[in-house]
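Novice: Going line by line, the protein sequences match chains E and P.
For what it's worth, full-length UniProt numbering labels the leading residue of the first sequence as 1, then goes sequentially.
For what it's worth, full-length UniProt numbering labels the leading residue of the second sequence as 1, then goes sequentially.
To be clear, the hints were calculated from the coordinates, so they are not data collected in a lab.
Hints should not be assumed to be uniformly reliable.
Claimed, not checked - Reference excerpt, derived from the structure (chain P facing chain E, CB under 7 Å, subset only):
(1) Tyr54
(2) Leu76
(3) Glu90
(4) Tyr94
(5) Leu96
Unchecked claim - Pair by pair, the computed Cβ-Cβ distance ranges are:
(6) E:Ile87 <-> P:Asn16: 24 to 32 Å
(7) P:His84 <-> E:Phe422: 50 to 58 Å
(8) P:Asp14 <-> E:Ser330: 53 to 61 Å
(9) E:Ile15 <-> P:Lys34: 52 to 60 Å
To be verified - Below 20 Å or equal to it, Euclidean Cα-Cα: the simulated SDA-like pairs (lysine to any residue) are:
(10) P:Lys83 <-> E:Ser506
(11) P:Lys71 <-> E:Ser506
(12) E:Lys518 <-> E:Ser506
(13) P:Lys71 <-> E:Pro443
(14) E:Lys453 <-> P:Thr117
Virtual Cβ for every residue (Gly too), placed ideally from N, Cα, C.
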Amino acid sequence: MCFNSFFFLFFFMLINFFFFVYFIMNGLSVFFEWEIISFNSMSIVMSILLDWMSLLFMMFVSLISSVVIFYSKSYMNSELNLNRLIILVLMFVFSMVLLIISPNLISILLGWDGLGLISYCLVIYYQNLKSYNAGMLTALSNRIGDVMILMVICWIMNYGSWNYIFYFDFMKNDYVMFIISFMIIIAAMTKSAQIPFSSWLPAAMAAPTPVSALVHSSTLVTAGVYLLIRFNYLLIDMFFFKVLLFLSILTMFMSGISANYEFDLKKIIALSTLSQLGLMMSILSLGFPDIAFFHLLTHAMFKALLFMCAGVIIHMMNDIQDIRYMGGLSLYIPLTSLCLNISNLSLCGIPFLSGFYSKDLILEMVSFNSFNLMVFILFYLSTGLTVFYTFRLIMYVMISDFNLMMIYNLYDEDYIMLNSMFVLLFMSLLSGSFLSWFIFFYPYMIYLPFNLKLMVIYVSILGSILGFMVSNMGIYSLNKLLLSYNLSSFLCLMWFMPNLSTYGLSYIYLNFSQILFKNIDMGWSEIYSGKGIFNILKNYSVFYNIYQMNNFKIYLFSFILWFMILFIFFFI
Amino acid sequence: MGQIMGGYHARSVDLNSDDNPTFDPQAGFQYERKQREMIAKEEDLISARIPNKYRDYCAHYLLDYQVCRYKEMPLLYRCAHEKHNYLNCEQQDYVLRMKEFERERRLRVRENRISATA
């Protein structure tokens, strides 16, 4: 089943590639509409929109999923029900394709809900308590977005059809569109894990690593960004887009800091995904959907590769994910380290890897346009933080001394996993250049002062130095950090967001109900009803009992007294 | 950001980066300035489906680039020359606009100075 699915998806990718080239060459967009049923003035239609953007995204999704399935053959080799995983992944790809090609909100909902449901099934794939909790957090966070899409479907009924693309130009200033766009933004924020819905993404790392490579780095989480790219024409002048800009920049900054405090290999990568999602969302809300799409695609490639390398390392380390137990791995697994390094450096935006083309373009566009100083500073700080945690990771995992095991028995043994990684390695090297030629019909002119142009290099050098220093930090300095324990725990726990979105949400209500239970149920109502009446009756009966008992005593006593009096009177 | 910093010292004369020139275009010049000429033809731009916001004074280079893209697809790196020409023209255009902005600023400062002394 693995190889069949791999060949099917790979073939699908090739078809998409040829159609993409043909469509982009001729500027084509094909719109299919199939009327399923029509009653009164409403018709239910299944519509499909094929343009260069949907074809390119489908090509990337099918390439990554085919490679991930190939990789799973070896990674999940001891799994009894491997076919179950493959079927879930195929269903996931189907949902994603449905979402990508839909200009219709009903089929978007089908794809969207499909993604949520299958990602839940994949997160709880390893059946243990941690996975169940992570899965529930993931499913419920995504459920908010599903509900928003459902409400959008209800609202867009006002126009008589669910094909949203027909209403962009004509209904742009309508009040209903205002509500619709607000809900779409909330839905996209839940799927792309923006603040305040960020906590599910690191938790979802409970899923198997190939699933994380496909679902939680490159496809599912970018569904929200893709939806907003499609709705961009509608949203561009909205006030909510400015709020989204603010939240996405904070997401980028927050996850960059949290990644520096994290020691779990997969969680570091998950937080870096969150940071890049923030970057995509922010450039999207600044009004450059094509650059956001560009970064989405290049990021999908190198992040999937990064996860796959992490999977190989976790396998070799006997399922240890803590980077403090690793070290010096580049000597033992040079090929995997090569892939890990290239994907990491691509993430940092090192020229001329794929991440450079998109990330550098984003930062230069931010510098070139008239945006707020705060936006500018947070963008560059977050870029520096990306290099910071990446170099820290490289130092911990690959360069410093090994830490745990007496004898490492590690070598690049598994050529199924390595081959699948090399496909993505090739794409991580070349996709940036390839895409920058293809998708920008109208190239961007950027003209900056010298130091502003080199600002990315400056923050990168600073970040790499800090990353090097932090990874060599001694126990004395680590203990010093305990002095600022409150600040550290705030920063490393993603600004307390996991707490806020789990028991933080229910704490006030549960606490209030506990107080009510204590004071009303167990307190006043008990005093004034059941227990209180019982006490009163009991006290009265005790009192009467005493009286009754005393009466008897008094009666006997008076009897004796009278008897004594009579005795005294009569006999003395 | 660069735009904000560059335009910051123009705030004192109430000049923002999106404002149009308000002075006579010939003022202060020894020679007569000529209006720029649009080289690309309207019908070519329509036929190439170039969006309105790209129909500027560099549109003829953009047309060349689009033609090259069509011819060389998918080996688009062969259009590097055309792309460079277009971006170079856009850069020259940008420099021209910035010079016009600076001229407007200086003329406003001059106007304020003259009105203050009068």
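Novice: For every hint, state whether the structure bears it out.
Specialist: Hints, one by one, checked against the model:
1. Tyr54: Nearest chain E Cβ about 5 Å off; hint holds.
2. Leu76: Hint on Leu76 (chain P): holds, closest Cβ of chain E at ~4 Å, below 7 Å.
3. Glu90: The hint holds - Glu90 (chain P) has a Cβ within 7 Å of chain E, the shortest such distance being about 4 Å.
4. Tyr94: At 5 Å from the nearest chain E Cβ, Tyr94 (chain P) passes the 7 Å test, so the hint holds.
5. Leu96: 12 Å, violated
6. E:Ile87 <-> P:Asn16: 24 to 32 Å: 59 Å, violated
7. P:His84 <-> E:Phe422: 50 to 58 Å: Taking Cβ atoms as reference, His84 (chain P) and Phe422 (chain E) lie about 33 Å apart, which means the hint is violated.
8. P:Asp14 <-> E:Ser330: 53 to 61 Å: Between Asp14 (chain P) and Ser330 (chain E), where Cβ atoms are some 60 Å apart, the hint holds.
9. E:Ile15 <-> P:Lys34: 52 to 60 Å: Hint holds: Cβ distance 54 Å, inside 52 to 60 Å.
10. P:Lys83 <-> E:Ser506: 57 Å, violated
11. P:Lys71 <-> E:Ser506: The hint is violated at about 61 Å.
12. E:Lys518 <-> E:Ser506: 18 Å, holds
13. P:Lys71 <-> E:Pro443: Since the Cα atoms of Lys71 (chain P) and Pro443 (chain E) sit roughly 18 Å apart, the hinted pair holds (cutoff 20 Å).
14. E:Lys453 <-> P:Thr117: 42 Å, violated
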